[in-house]
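J.: These are the residues of each chain, in order.
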Amino acid sequence: MAFQILLNFFIAVVWMFMNSSLTPSTFVIGYIIGLLMIIMTRRYFRDRLYIWRIWSAIKLTLIFLKELILSNISVLMLVIKPDLSTVQPMIFAMPTDLEHDWEITLLSSLITLTPGTIVLHVSDDQRTLYIHAIDVNDVDEAIDSIKNTFEKAIMEVRRG
Amino acid sequence: MDLIADSIIIALVVVGIIFTIITVVGIIRLPDVYMRAHAASKSATLGVMSLLLGVFFHFWWNEGHFSISLVLGIAFLFITSPIGGHLMSRAAYMSGVKPTELTVGDDLKIAIDKQRAELAKNTHEE
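Residue numbers (this note's numbering), protein chains in the order written: chain E, 1 to 160; chain Y, 1001 to 1126.
All the given hints hold, so there is nothing to weed out.
Looking from chain E toward chain Y, a few residues come up when the C-beta cut is under 8 Å (computed):
(1) L68
(2) L76
(3) I91
(4) S108
(5) S109
(6) L113
(7) I118
(8) V119
(9) Y130
Keep in mind the hints are simulated off the structure, nothing from the lab. Ideal Cβ positions, reconstructed from N, Cα and C, are used throughout, including at glycine.
Bound-form chain E, shown alone:
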């Protein structure tokens, strides 16, 4: 992916030199031309076209913002609840399929900002995350689906 972006920049710079006008608008035109060239020659690259990867990263950011707002509303509801003795916190283990370090860091940051969950510990073999959930009743099942969306979105970003 980085190679495709670098190539695109290089084509844009070459376009600027060919026009002998070093302005930002020439760069943008050259970048678009380079993008078209990369789209036309995409079967020579091993990875998929880099704009899809950027698009899935943007989707992940949007999910992140949505979950942040939802989690804040749920914390607000919990904090202003009159009787706190009915909540049932729990620490549970969740297996994960992610392999690279940055993916696991990203997943645990996302989990920490989702409604009602905080990552306490990552096991030494990086296969299990230990998560503190604030209320078992409504969270425990909903969590798994959230995890699936997050893990899937991160895998989508990684897919080369």
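Following the hints, position chain Y against chain E.
T.: Coordinates of chain Y only, in the frame set by chain E:
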């Protein structure tokens, strides 16, 4: 136009203040350190973030000054505050702070006990 800009700024600042207050109330009311970490790591992030965003929009639209360092501040806050919440609760757990009695299950304790038993066995054999 000014009215719309001002209402967006005021809404952002009010939301920020509300969530900062929620953080404080949560830290006082919730029973143990892990549940307090929930309030501290989530509400404080959104609270400070929307305050900074309101300040950013105010200086951009009303004063004509585009402050890129405020945007950087928002980004840094986003990256660092969940890690901070995670590290503090992990340090608390590893140094033996018990969760509140309301806690219904504890998978991490089982895992740690198993690891410690293995470690003790290995050192014993040596």
